[in-house]
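**Student:** Chains A and B are the protein sequences, given in the same order. Its first residue numbered 1, the first sequence is counted upward by one per residue in this note's numbering. Its first residue numbered 1, the second sequence is counted upward by one per residue in this note's numbering.
Read the hints as simulated data drawn from the structure, not as lab findings. All of these numbers come straight from a predicted model, not from anything done at the bench. Heads up, a few of these hints could be off.
Example chain B residues on the side facing chain A (calculated, C-beta under 7 Å, incomplete) [to be verified]:
| id | residue |
| --- | --- |
| 1 | R71 |
| 2 | V123 |
| 3 | R218 |
| 4 | S219 |
| 5 | P223 |
| 6 | D323 |
| 7 | G349 |
| 8 | Q357 |
| 9 | A360 |
Ideal Cβ placement from N, Cα and C applies to all residues, glycine included.
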Amino acid sequence: MSATGQRGIAPRRTQLDNGAVVIAKEAGVTAAVTINASFEAGTIFDPPAEQGVAHFVSRTIDRGTRERTARDIADDLDGRGVSLTTAVGRHSMSLTCTCLVEDFESILTTVAEIVRSPAFPDGEVETRRGEIVTLIRQDEDSPAVVAVEGLLALLFGDAHPYGRRPRGSVESVERIGRKSLQAFHASRLVPESLSLVIVGDIEAGRAIAVADKAFGSWRSGRRADAPLLVEPGPAARRVRVIPMMNKTQADIAYGFAAIRRADPRFDACWLMNNILGEYSIGGRLGDRIRERQGMAYYAFSALDANVGVGPLVVRAGVAPANVDPTLASIDEEVARMAADGPTDQELADSRQYLIGSMPRRLETNAGIAAFLQMTERFGLGTDYDVRVPDLLRSVSRDEVHATARALLDPTKAAVVIAGPYAGPAS
Amino acid sequence: MTALEEVLDNGLRVLIQEVHTAPLASVWCWYRVGSKDEAPGTTGVSHWVEHMNFKGTTNIPRDQIKGIIERHGGSWNGYTWIDQTTYMETATRDALDHMLFIEAERMANCLYDPDDCESERTVIISELQGGENDPDQLLDQEVVATAFRAHPYRHPTIGWLSDLQSMTRADLYGHYRRYYVPNNATLVIVGDVETKEALRLAARRFGTIASGDTAVRRSTREPEQLGGRRVTVSRAGTTAYLKLAYHAPSIHDAEFLPLLVLDAVLTGAKGVNLWASFRTPPPQRSARLYRALVDEGLASAVAGSLAPTADPFLYVISVTATDGTPLAAVEEKALSQLDAVRGHGISTGELQKAKYQLRARLVFEGDSIANIAHQLGYFETIASWRMVPALAARIDAVTLGQVADAAARILRPANLTTGWFEPSAEDGAAVIRGGGHEADAPAGRQDR
């Protein structure tokens with residue numbers, strides 16, 4: 001059965017009595033089911049004095065419950081070939097896994113147990129703290145991570161949750177105790193912040209019934225309010241060089257505070273970014289910096305329109321001698337897009353690509369689940385996949401150009417270079 | 001579901017499998033050429049040739065190659081590794097003939113414009129240097145080079161820097177013309193297609209391409225390793241890494257699947273799909289090495305790597321030490337676990353769990369037409385595509401005795417190469433110490 005077609009995905013969406021949303025889609029690609037449970041519990045909810053709590057919770061939530069030890073849970077999941085992945089973003093924390101269809105009810109019950117009653121045992125908290133510190137130290141040795149985190153700090157500042165390191169620092173993580181983890185869980189991982197998506201070889205009504213059995217009796221406090229996300233104000237060009245002389249290649253992160261996902265200009269911005277730094281092998285940026293100038297293995301841009309105003313980030317990895325010419329090329333391409341907008345042909349090509357890629361995006365159970373989770377998070381509706389083509393067709397070249405003009409200006413860009421580079425030759 | 005196999009008159013092997021779960025088709029063209037086919041002076045040529053084969057053909061001008069697949073919502077890519085080079089497109093089913101046209105052009109008519117060759121030289125050097133930024137990858141290169149003395153698997157897929165700096169357009173074009181012939185290739189089509197029509201289109205696009213000389217290639221058998229080897233990389237950094245690499249059986253060896261089961265017991269099942277497996281972590285929290293190293297706080301991560309290969313390659317266990325933990329303590333603990341399994345094998349419960357994990361993994365790996373097509377082409381290139389549908393039954397037939405024998409034979413100290421990455425405080429170039437080896441090494445798979 002195809003997930004796409006004239007009717008689109010057409011999932012079943014229901015809300016349990018406790019406020020949890022369940023979205024189910026039957027898709028018989030393989031004899032397997034993907035479970036994707038997402039909570040409004042991302043890093044923006046970290047208390048300012050305890051940066052890294054959300055990430056810490058994501059590393060410990062499945063390490064023992066009031067009913068079972070971490071070892072018991074690991075034996076249960078591993079015994080069924082299931083790898084449960086916990087991930088934390090700016091706004092959400094998700095637990096995802098794929099299981100054989102015969103194991104679905106048992107695995108969903110285990111996922112419910114994990115999110116409802118984590119125990120955060122002291123021993124586990126200490127072991128995982130060591131892992132997290134190691135991860136932070138690895139991040140500090142990666143020019144790519146250092147450049148991107150440095151860029152977000154420049155764009156949003158320490159006072160804004162988007163400007164902070166998602167895993168916190170070694171010092172902040174050392175301060176986080178079991179009580180902080182419990183408090184975060186109690187305030188953020190509650191039924192009314194849960195969106196549970198189930199996609200696979202199981203009838204949607206049965207999937208919802210199993211979900212109701214596993215989560216329906218869960219009663220918990222109301223979620224705490226989200227922090228106010230202040231939009232970054234206008235800024236002049238800022239350049240920060242972070243020398244990492246033990247490395248071979250430098251990473252450039254260059255960007256702007258762009259738009260919210262709810263911004264009416266989103267579709268125009270989506271198309272504009274595709275033309276600038278995504279289409280084929282990195283759009284205009286990849287074509288120039290990789291294909292024409294041969295300066296980088298990767299050069300591209302990415303748009304992260306989120307609940308708050310998110311960044312548009314240009315990335316490139318280059319030899320130290322090519323940092324300055326690459327920056328010049330990025331400046332020129334950004335300025336050209338702002339001055340002239342896209343050509344009619346570019347707009348037509350990107351529009352056709354984004355519309356045409358929907359079946360591929362929605363081919364696998366995991367792909368459908370991620371898409372449905374995204375539509376739920378941004379309130380786009382369960383028919384969003386069907387509406388995408390018309391939304392993109394309705395965007396004019398002038399609208400894309402106007403968006404580029406408003407967002408892209410090299411004199412206002414934030415730039416971070418991390419790697420074996422000490423600064424411009426002059 | 002099974003694939004149709006047809007060999008065209010020019011020797012091109014065509015595999016077609018209908019999968020009607022989405023209105024998509026995936027086309028892969030595989031060549032039996034990889035970094036093992038390279039000689040000193042031209043290491044990295046297979047990978048560079050792969051890059052050049054995206055830069056225009058006689059009938060597809062350079063500026064028009066971009067967009068053909070994108071107009072059908074498609075993605076395209078390619079990769080080169082030790083045994084193979086492959087190219088792929090996945091797009092809506094109406095693009096099937098366009099995909100076949102591109103692959104036929106790629107086989108016969110690539111241009112190798114001298115300016116494009118020069119421009120791509122620096123792109124590939126940038127790719128190499130980006131990889132060197134990662135200490136784990138740097139250590140991997142050193143360990144593989146230390147483990148192999150004779151077999152060309154020791155060459156890096158991306159090539160030595162000096163070869164990348166000196167290779168000429170003639171080297172690239174000669175390599176292309178020698179290996180890009182239909183009788184050295186496998187074309188795979190999977191998706192929402194009709195088999196007869198797909199075969200007709202493939203024959204029309206590829207049937208006129210002349211076959212080439214596929215003279216027997218010289219090969220070297222890696223001599224048995226007679227004693228443990230060790231290499232230490234010291235470089236400014238923050239984190240220490242350990243690698244334990246054992247010479248491992250090829251896909252042709254009856255010991256390969258018992259070792260795959262053993263790896264599942266030690267580090268969790270990964271399956272055998274290199275295109276899919278890295279996207280999903282293995283179920284490993286009850287695995288022996290995870291419990292001994294990660295749950296005990298000595299390591300933040302442990303991974304096992306065993307890939308199906310044409311010749312014997314390596315089984316590599318990679319460990320990231322937690323901040324402040326000495327590598328010696330990590331190594332001692334890991335070796336004690338490996339000694340235990342070498343001496344006593346695994347339990348019945350572990351065997352059953354490993355088989356269940358691998359069975360699940362095979363199901364999960366078949367979730368997209370690209371993954372299905374990858375497996376058919378990958379296995380045909382190193383052995384036979386017919387191994388793919390037989391894998392589940394063969395894994396199920398693995399016995400406790402076979403796993404114990406594999407552990408006893410493979411996990412021997414004399415068969416081991418140990419690698420350390422020791423972070424040092426000072427900046428500067430890497431210092432590499434080893435048992436009389438030059439510190440050069442192969443990288444992993446190189447993506448487009």
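**Student:** The structure should be examined with respect to each hint, and the outcome stated for every one.
**Tutor:** Each hint, compared with the structure:
1. R71: Holds: closest Cβ of chain A sits about 5 Å from B/R71, inside 7 Å.
2. V123: 5 Å, holds
3. R218: Constraint on B/R218 not satisfied, violated at 32 Å.
4. S219: 31 Å, violated
5. P223: Nearest chain A Cβ about 33 Å off; hint violated.
6. D323: 5 Å, holds
7. G349: 9 Å, violated
8. Q357: This interface hint holds because 4 Å falls under the 7 Å limit.
9. A360: 3 Å, holds
Taken one by one, the earlier hints fail for this structure at numbers 3, 4, 5, 7, listed in ascending order.
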